[in-house]
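**Q** Spelled out, the chains give:
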Amino acid sequence: MRSDVITAQAQGATGDLTGGSEPVRSRRTPDSAHARRHRLWSKIVLYTLLCVLSIPFIYPTIWMIFAAFKPTDEFFRIPPTLFPETWTLDGVAKIFTVTPFAQQYLNSLYLATVITIGSIIVCSLGGYAFARIRFPFAGKLFLVLMSGMMIPGEVTIIPIFRWVADLGLMNTHIPLIVLPIFGPACIVGVFIFRQFYLSLPGELEEAGRLDGLGRLGLFWRIALPLSGPAIAAVAIMKFLASFNMYFEPLIFLRSEELFPVGLGLTRYQDGYGEPLYNTQIGATALTVIPVLIVFLFAQRQFVEGLSRTGLKG
Amino acid sequence: MTAEPLGATDRKVGRTTGRRSGSSKRLARIDAAVGLSFAAPAVIGVLVLGLVPFGYVIWYSLHDWSPLIGEFNWIGLDNFTRLIADDTVWSSFLTTFKYAALLMVLNITLALGLAVLLNQKLRGTTTFRAFFFSPVIVSAVAWVLVWNYLVAANGGINGALATIGIQGPNWLRDPTWALVTVVVIQVFKGVGMNMILFLAALQNVPAELKEAARIDGARPSRVFRSITLPLISPTILLVVMITTIGAMDVFVPIQILTQGGPGRSTTVISYLLYRTAFEQQDFGYASAIGVVLFVVVLVLAALQWSSRKRWVHDEV
Amino acid sequence: MTGSMNRRRFLAAAASLSAGAMVLAACSGGDDAGGGGDAPDGPVELRMVMWSANEGHHEIFNQIADAYIAENPDLVSAVSFEPLTGSGYVNALTTQIAGGDAPDLAWVSEANAAQFVQSGVLYNLQPTFSETEGYEIDDLLDGAIDVWSADGEIYGYPFSNSPFGVYVNNDLLAAAGQPNPRDLMASGEWTWDTAMEIAAAVADGTSTTGFQPSDDPFTNWNSALGAMWMSWGAAPWSEDGTECTFDSPEMVEFFDWFHSQIYDTGAVAEPGAEFDFASGQVGLRLSQLSSSTGLGDDFAWDFVPMPDGPAGTVPVVGQGGVGVVARGDNPQVAADFLAYFTNPENSALLAQFFPPPRESLLTVETLSAAAPALTEEQIQGTVIDQALVGVTKVGHVNMSEIADPVRVGLDALWVPEGDAATVMPAICEAISDSLAG
Numbered sequence: 001m002r003s004d005v006i007t008a009q010a011q012g013a014t015g016d017l018t019g020g021s022e023p024v025r026s027r028r029t030p031d032s033a034h035a036r037r038h039r040l041w042s043k044i045v046l047y048t049l050l051c052v053l054s055i056p057f058i059y060p061t062i063w064m065i066f067a068a069f070k071p072t073d074e075f076f077r078i079p080p081t082l083f084p085e086t087w088t089l090d091g092v093a094k095i096f097t098v099t100p101f102a103q104q105y106l107n108s109l110y111l112a113t114v115i116t117i118g119s120i121i122v123c124s125l126g127g128y129a130f131a132r133i134r135f136p137f138a139g140k141l142f143l144v145l146m147s148g149m150m151i152p153g154e155v156t157i158i159p160i161f162r163w164v165a166d167l168g169l170m171n172t173h174i175p176l177i178v179l180p181i182f183g184p185a186c187i188v189g190v191f192i193f194r195q196f197y198l199s200l201p202g203e204l205e206e207a208g209r210l211d212g213l214g215r216l217g218l219f220w221r222i223a224l225p226l227s228g229p230a231i232a233a234v235a236i237m238k239f240l241a242s243f244n245m246y247f248e249p250l251i252f253l254r255s256e257e258l259f260p261v262g263l264g265l266t267r268y269q270d271g272y273g274e275p276l277y278n279t280q281i282g283a284t285a286l287t288v289i290p291v292l293i294v295f296l297f298a299q300r301q302f303v304e305g306l307s308r309t310g311l312k313g
Numbered sequence: 001m002t003a004e005p006l007g008a009t010d011r012k013v014g015r016t017t018g019r020r021s022g023s024s025k026r027l028a029r030i031d032a033a034v035g036l037s038f039a040a041p042a043v044i045g046v047l048v049l050g051l052v053p054f055g056y057v058i059w060y061s062l063h064d065w066s067p068l069i070g071e072f073n074w075i076g077l078d079n080f081t082r083l084i085a086d087d088t089v090w091s092s093f094l095t096t097f098k099y100a101a102l103l104m105v106l107n108i109t110l111a112l113g114l115a116v117l118l119n120q121k122l123r124g125t126t127t128f129r130a131f132f133f134s135p136v137i138v139s140a141v142a143w144v145l146v147w148n149y150l151v152a153a154n155g156g157i158n159g160a161l162a163t164i165g166i167q168g169p170n171w172l173r174d175p176t177w178a179l180v181t182v183v184v185i186q187v188f189k190g191v192g193m194n195m196i197l198f199l200a201a202l203q204n205v206p207a208e209l210k211e212a213a214r215i216d217g218a219r220p221s222r223v224f225r226s227i228t229l230p231l232i233s234p235t236i237l238l239v240v241m242i243t244t245i246g247a248m249d250v251f252v253p254i255q256i257l258t259q260g261g262p263g264r265s266t267t268v269i270s271y272l273l274y275r276t277a278f279e280q281q282d283f284g285y286a287s288a289i290g291v292v293l294f295v296v297v298l299v300l301a302a303l304q305w306s307s308r309k310r311w312v313h314d315e316v
Numbered sequence: 001m002t003g004s005m006n007r008r009r010f011l012a013a014a015a016s017l018s019a020g021a022m023v024l025a026a027c028s029g030g031d032d033a034g035g036g037g038d039a040p041d042g043p044v045e046l047r048m049v050m051w052s053a054n055e056g057h058h059e060i061f062n063q064i065a066d067a068y069i070a071e072n073p074d075l076v077s078a079v080s081f082e083p084l085t086g087s088g089y090v091n092a093l094t095t096q097i098a099g100g101d102a103p104d105l106a107w108v109s110e111a112n113a114a115q116f117v118q119s120g121v122l123y124n125l126q127p128t129f130s131e132t133e134g135y136e137i138d139d140l141l142d143g144a145i146d147v148w149s150a151d152g153e154i155y156g157y158p159f160s161n162s163p164f165g166v167y168v169n170n171d172l173l174a175a176a177g178q179p180n181p182r183d184l185m186a187s188g189e190w191t192w193d194t195a196m197e198i199a200a201a202v203a204d205g206t207s208t209t210g211f212q213p214s215d216d217p218f219t220n221w222n223s224a225l226g227a228m229w230m231s232w233g234a235a236p237w238s239e240d241g242t243e244c245t246f247d248s249p250e251m252v253e254f255f256d257w258f259h260s261q262i263y264d265t266g267a268v269a270e271p272g273a274e275f276d277f278a279s280g281q282v283g284l285r286l287s288q289l290s291s292s293t294g295l296g297d298d299f300a301w302d303f304v305p306m307p308d309g310p311a312g313t314v315p316v317v318g319q320g321g322v323g324v325v326a327r328g329d330n331p332q333v334a335a336d337f338l339a340y341f342t343n344p345e346n347s348a349l350l351a352q353f354f355p356p357p358r359e360s361l362l363t364v365e366t367l368s369a370a371a372p373a374l375t376e377e378q379i380q381g382t383v384i385d386q387a388l389v390g391v392t393k394v395g396h397v398n399m400s401e402i403a404d405p406v407r408v409g410l411d412a413l414w415v416p417e418g419d420a421a422t423v424m425p426a427i428c429e430a431i432s433d434s435l436a437g
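Residue numbers (full-length UniProt numbering), protein chains in the order written: chain A, 1 to 313; chain B, 1 to 316; chain C, 1 to 437.
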């Protein structure tokens, strides 16, 4: 069912965020003082609204950065404080000793990279086949894909847990890599690519054929190089999802050295089970800041990549 | 239900390539082989990691299975009879629906509102867009951990309210507030994504149409309702579906913020499943809950799908 | 494309999916239990999971393990001590066992002891312990190994037999003009009621709280309140574990009392509020010996025995036990290592951190190394005297099944208008099946 949605989406919203001329302004009659004041006021209202609305989105991140340098008893104050009264490095100092934080961060990066690349390969191949190649059982196989999407992941975890155990793959990264690349989580990616390849003009491939390209050549030389937006969308989606992975590692991993960073964050306690508030929050900030910095630099490509092909589902 | 556009394209592609080439049969054979092998990883993956495991789940649901002790005994439909009488399961389904519905309403309203705001011709919208979108890329665990401090009974939010003389509720421990609090935290986390999708759709609405309506004397709210909304309704459907599926899967915020409490007010079905399987080591019963969950998801998907024609404008 | 076509395909997909997958699956299913006790060929590696990540603990563990390996190079090549911190210890442990990735040895708390012993998860240690020379199994305190035994055999060793006491922030009490608990003890007035009066006076509701149980009472009822209700002579279920006694007058009285300390006197913080004793935000805190290591000299503090309740003085110990997982790869080797790990000499080493279940080792000398911050008086009075006579906190064979329904039931009490007299019977109703089964 998802494919139609995506069709609809592709027709409804393939807009470019930066594009769109505004004929309205040019048609306006010369500004009267009244109209100018009116516009000034509406601007003020709009900006105030935007600023107020921004608070719940950015305050938590700012708070966590400063909280990392607070002693624990400053976490809960009335009135609440943003900046530490007494700056301390006690919490931050323990980040790397209480759990193998650096290793966990690398684990997350490595898992997310492998999963993203693997997904792009699997999804682009599948999407291309279903969009542009005529092959037997295409319709039926497509139906198989779609039905897989309706199976909630937490349901099938039980048999998969058992298989992983039987194969001796517990406490390894293998199930964490294989599941998101090949499992039902990959279907959405296939759809995104399929949708994209459906919209490629057939003339391109015909020209390729005349140049003597075979099927593989058409995919490799013509379709794939053009699929930047689809790759971007799938890559962003997959990278975010796998960097955030929590449920599967919780079940399949036991060694802290193998944890992704999200799961590691929940294990900040000292030997007696007392939570280390400022260490945990410091580690949380360290997890978030690099991603945010990358985002700030690449936000245009990021957001536009998403809106163009549509992380449509 | 959706093989039509696919089939149609296939046929067209096949025909044109066939006509151009001399040895169309050979090409078709190659295409068949290449197509099958291109599709194979995805299809086999979904079969082996989705459909076959689901078959196992059905099989397991007919057994009493405690993996800790290693017992696995056929008990027929006993798990299902137990399930029918189990209030916990039904209340969890109800909680899941409440969660999903509330999340949907808040998320989509806010996403649309933000998209409309950002679609104004204002300087600095890129910055605000980045603000609203930034939680999307923050790790789910990190986001929830921070909010856990902010919404504690003596945490930042109540502290701020106290300074202006308001005694805030005990957000995560009050049965009437806990689910709402979790939903709101999740909305802030994810609304940026939907906002971007809406923004793209809004910018694709032809300005001439709006302008024409305005010249005809329609007020802005009327233009929005009669022109903009219908034109972006496919995006709304899409966002609704993605958000529902995401809501059915919620796990991290429940596990970290409330562990399903207070009472069972935030025990959603996916969390109940996890606890039944991995805390109580009752794999058979967990599988039975999983089977019911699948049926429910199926029915919901069918309902959403069949209702789309009534409100989605211009779907081709 | 038409609607009916859609619906037909949709149903077809659903039906074929369920049917086809079911056929595929029907041929197989869950079967073998795995594990076994075959004698290994060469030296093996052992793995012990635990809830402690404390460096001091691990230093001792590794020291003992190295000595064992030096003596038995043909049996064991390495022992790893794997901390599983976080709230889901039991979950994580059982998931490992269920996933065929069972550790060789595992820590278990007294609350889950019965469950692990009775379900056959743990390996019988009796033969190994009684055959090991110099083990002195008779030295073990009778009361201490009760929950670790079944049918006269022993399945776990309670390496930590730690009494509950109350940590006092003397500075906070003095600032609030409250009497010192030691003076109250001397005059026989150290009761739960006076303790709560002090606590209520200390709590200002925002930056400090009065009394903090040993765990969060609203999510972990048993580890938080299990030591306290014994002072009321109350118990959650009958001794054989089959009958619910949450609705007994003693239990109702206890919960009524505790409820009023939250919502009437404000001595105990409401659910969801966070305070930290080590940061000086808490007046009185119920806890065990091990917590003293987290305390510096930022404020003056003391560690005193539990106050008296309506049922008089009831010393309570909480236990940490270690057992061999029967489904591990080498249970016999693991048992042999455990016999070494917990023999009298090594128990003395472990006693630096954990009050041992061996009478001969419960001395001020062995224990003061554990908590250098504690005075001799504190160790003798609050730890040793109590450990010798202490009753072990209760657990249950079906603990993992009972814990959540009780938590859910109790949540009805944790509101201002909550009423123990109606909540407690409801809890019994909710768990009676699990208790009986």
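Read the hints as simulated data drawn from the structure, not as lab findings.
Take the hints with a grain of salt, since some may be wrong.
[Stated by the list, open to error] In silico DSS-like links for lysine-lysine, alpha-carbon gap of 30 Å or less: (1) 121/B to 210/B; (2) 210/B to 43/A; (3) 210/B to 140/A; (4) 43/A to 121/B.
**Q** What hints, given by number in increasing order, does this structure fail?
**A** 3
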